[in-house]
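Trainee: Make the full structure from the sequences, and use the hints.
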Amino acid sequence: MLSGLVAFIIIAVILIVLLMILFSFVPVGLWISAIAAGVKVGIGTLVGMRLRRVSPRRVINPLIKAHKAGLALTTNQLESHYLAGGNVDRVVDAIIAAQRAEINLEFERGAAIDLAGRDVLEAVQMSVNPKVIETPFISGVAMNGIEVKAKARITVRANIARLVGGAGEDTIIARVGEGIVSTIGSSKHHTKVLENPDSISQTVLSKGLDSGTAFEILSIDIADVDIGKNIGADLQTEQALADKNIAQAKAEERRAMAVATEQEMKARVQEMRSKVVESEAEVPLAMAEALKSGNLGVKDYYNLKNVEADTGMREAINKSTKPQDSNSPNQ
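The sequence shown: position 46 = 82 (the working numbering), numbered continuously.
Among the hints, erroneous ones may be present.
Cross-link-like lysine-lysine pairs, in silico, DSBU-like; alpha carbons within 35 Å at most [claimed, not checked]:
(1) K355 - K311
(2) K265 - K280
(3) K265 - K185
Pairwise CB distance ranges, derived in the manner of DEER restraints [as the list claims (entries may be wrong)]:
(4) A269 - T207: 32 to 38 Å
(5) V83 - I47: 22 to 28 Å
(6) T227 - T207: 28 to 34 Å
(7) S218 - R94: 48 to 54 Å
(8) A105 - T227: 55 to 61 Å
(9) A292 - T207: 54 to 60 Å
(10) A43 - I68: 42 to 48 Å
(11) S235 - R290: 51 to 57 Å
(12) D206 - G80: 46 to 52 Å
(13) G80 - A105: 25 to 31 Å
Keep in mind the hints are simulated off the structure, nothing from the lab. C-beta atoms are modelled at their ideal positions from N, C-alpha and C, and glycine is treated no differently.
Mentor: Encoded structure:
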């Protein structure tokens, strides 16, 4: 009697454990919820998901949501997107939101947008409620050299058809900035820009800057316009300083050449003086040789000395009388 009771308890425990394992592996509760929502899904399908390492709840709950919204989606579509690493629930929410807003968004495109790394639900919301992108101050220089700074607000709407492969917000800001700089630069006077800031937005908007991007530009509004530096005057000042430095460098070069020429001439004068001294040193030798050879007599030598002494005396008298002559009343 006791052994039979023990055996019954053991069998009951085994059955409970087996049932727990079965219910943990087979999501019976999820299957019942799907049947109650009108979604036809079999137990075998749920077991197959477990075997393929797919969370049935991540697939069945979005499927129930799509069925209630009137979307014709299948478990194979949702499961394949889950296996590809996508967010099934986010894609289904985006398709439901697009359907409510009367935007044509198929599951394949929504799945592709999600797998591309973009938030497909946010894109749908942006298609319904456009987003405003504000640019920083963008500087341009008018033809008269005055810098003009402009800040723009860009109203964009997501383009569902170009979300995959389309450029993002940075490209929109860069293109608008380029258009603002080009428009300011083509203005003859900066006052034209200040008087009609809407001319910037009209010119930029007419260029089709949203081509190849994931957005559609609805409007470009100039939020603020400021005056910056006088770039033209600064450039002229810098050019004048550069010309001045060049002129000073050329003058310094000419001065250095003049100094070098002067030093060269001094060196040549010293060289000529040395030649004169050398020649004068040869005169006594020549006279001694002439006396020795008889070509010059002693009397002639004394006559030469008398002439030199007389010449020296005349030069001394001339030098001493020059100051007096300069102070004479005749001059």
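Trainee: Now, for every hint given, state plainly whether the structure supports it.
Mentor: Each hint tested on the structure:
1. With a C-alpha separation of about 28 Å, the suggested pair K355 and K311 falls inside the 35 Å cut-off, and the hint holds.
2. Among the hinted pairs, K265 with K280 is consistent with the structure: their alpha-carbon atoms are about 23 Å apart, no more than 35 Å.
3. A C-alpha spacing of about 10 Å is found between K265 and K185, which places the hinted pair at or below 35 Å, so the restraint holds.
4. In this structure, A269 and T207 meet the distance hint of 32 to 38 Å, their C-beta atoms being roughly 35 Å apart.
5. Between V83 and I47, the C-beta spacing of about 25 Å keeps the proposed range 22 to 28 Å intact.
6. Remark: the range hint 28 to 34 Å for T227 to T207 is upheld by a beta-carbon distance near 32 Å.
7. A C-beta distance of roughly 50 Å is found between S218 and R94, which places it inside the suggested range of 48 to 54 Å.
8. One distance hint, 55 to 61 Å for the beta-carbon pair A105 and T227, holds here, with the actual separation near 57 Å.
9. Look at A292 against T207: about 57 Å separates their beta carbons, and that is inside 54 to 60 Å.
10. Roughly 34 Å separates the CB atoms of A43 and I68, a value that falls outside the hinted 42 to 48 Å.
11. Distance hint for S235 and R290: a CB-CB separation of about 54 Å, consistent with the stated range 51 to 57 Å.
12. Taking the beta carbon of each, D206 and G80 are about 49 Å apart, inside 46 to 52 Å as hinted.
13. Separated by about 26 Å at the C-beta atoms, G80 and A105 satisfy the suggested range of 25 to 31 Å.
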